[in-house]
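Chemist: Sequence order for the protein chains is Z and W. The first sequence begins at 1 in the numbering used here and counts up by one. The second sequence begins at 1 in the numbering used here and counts up by one.
Hints were generated in silico from the structure; no laboratory data involved. None of the hints are false.
Take a look, some chain W residues computed to stay more than 12 Å from chain Z by CB distance:
(1) Ala17
(2) Thr25
(3) Leu26
(4) Gly60
(5) Gly66
(6) Asp68
(7) Lys189
(8) Leu190
(9) Met207
(10) Phe211
(11) Ser212
(12) Ser228
(13) Ala231
(14) Asn236
(15) His237
(16) Arg241
DEER-style ranges, computed between Cβ atoms:
(17) Phe274(Z) / Gly16(W): 54 to 64 Å
(18) Val290(Z) / Glu109(W): 33 to 43 Å
(19) Asp208(W) / Leu170(Z): 47 to 57 Å
(20) Leu101(Z) / Glu109(W): 24 to 34 Å
Every residue gets a Cβ at the ideal spot worked out from N, C-alpha and C, and that includes glycine.
Here is what each chain is made of, one letter per residue.
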Amino acid sequence: MTLRRGALLFLLLAVAIALPPYCGTYYTRFATQIAIYGMAALSVDLLLGYSGLITFGQAALFGVGAYAAGMLTVYGLTDALVTWPLAVVVSMLFALAIGALSLRTRGFQFIMVTLAFAQMVYYFAQSLRNWGGDDGFTLPQRDSLGFISLADHTTFYYVVLALLVLVVLLANRIVRSEFGMVIRGIRDNERRAAAVGFPPYPYKLVIFVIAGGIAGLAGALMANHAKFVSPATMSWQLSGELLAMVILGSANSLIGPIVGAAFFLAFRDVLSDFTEHWMLFFGPLLIARVLLVKDGIWGMLLRATGADKVGAPKVDFPEALEPAADSKPGAAE
Amino acid sequence: MSEFLLEIDHLRKAFGALVATDDVTLGIRKGETHALIGPNGAGKTTLVGQLTGELKPDAGRIIFDGRDISELSTARRARLGLARSFQITSIFDSFTAEGNVALAVQATERHSFRFWQPAERIARLRQPARKLIADVGLSPLGNLIASKMSHGQHRQLELGMALATHPIMLLLDEPMAGLGIEESRAMSKLLASLKRQCTILLIEHDMDAVFSLADRISVLVGGRIVASGTADEIRNHPGVRVAYLGEEDDVGDFRADG
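With these hints in hand, go ahead and build the complete structure from the sequences.
Modeler: Listed below in structure tokens is the structure:
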């Protein structure tokens, strides 16, 4: 079963790798954008899908990564091997501070507190007069990766794609690890997790910081992609869009958010040619997705190809047994 | 060291004007199975909540294994060996049965900040989990997603999870709630086999189970312990008869009181 899922993933990756020579600069840049937003959406999935934490502030960490990378580049540090890891560290520190406070709340309050922190960071960035204030600032050039120049769009695309694959593999490792089991357990039933002996707070904080680091990396990539950084990279709209990408693609799947990002951006690209009110059409689509498709586009793809269902925890063992004859579904409610 | 494993010392908890735990003092001896009974609304679940640390008492102390645990978090208490099962099924829905127990086994390790090795392939978690699944009678269902299991199976699973943490003491909050006659009997048998392994505080409405399992019984009415003694002493206690007058058998009752 997982073999087909692997095959589907391989196919997607093959298409992503084969793309640039056929599609020209515009669409190579577009694909780069998808990969970057896909990475940011994946970081949201780690929180939303795997930890049950609905954050409305992930754009702030994305933006912090973008600002950190952008500022370092302007200061003349142009080796990506230095600036990108630094951007990740800075984002993780911000995530640590924001998470340490906001994770003391839960549910709806958590959504609002993360939004509030994101707005604080947003207005702080806006107040940076030396860095263009509301207008942001441009980067003189892209960073270089060691000796490799990233000025070429295709080269940059492949670097971003490679990092995305790396992040997916890493995140996949994390969510299946012992730590991953604890955060999923906390998502399923926090009270029970505490009752068996897991203090929820430190585990939630660590996944929040990890997700913040991934968002920060995506932000650093975006700064280099656009050679431009502005407070818009940390607007609350982007936080909402990242959530929409996750939900569109399929939460709790790591790949779904990337697929979601592709659909979201493609939709925006096509629709905004016709009207600037493209949200008018996208909104109903998102609602239709929630009402009609149980587990998002990625889930649909998996089912259409007969690969296994996403969402359910992956087990090494053969297909889970059917419920025993005497059990009635729903009897537990 | 006192003879008591768990000492509840002048515990008090009020919700507004309602005193749910009214100066409760109770000792649970090492190795005994102590049943706590009482009519609906007597404050049983409130008391358990304070023992596990989910509720903060207004006054009084809780001593466990010679140590004052009144201020400790739920997770800390669990790590000291105080395990519980919930009155209302409380499991990890998206995990398999075995995954549920494996996660509970994992909770006995010093920490779970291990990010690399897939948990499903870790034998030191999976093997004990498999054994516990067998112990609680769920062997063929180990790979079933927990949300697809029946209510009775959930109760067995909860017990497996509680046992996985190597508890010194089990707090069982109505383990028979909602079980059919057959299932109750099986659970009763299972509990009887656990008696030797650890100290148990059993909160239960099923009087057959209580009288057959418990070494001692305490009766909670209106937040107060009105009687404490052996099964025979309780059976013949006049105050208890009054408290239970007209009280129906509660098997199959889902009311979320305590």
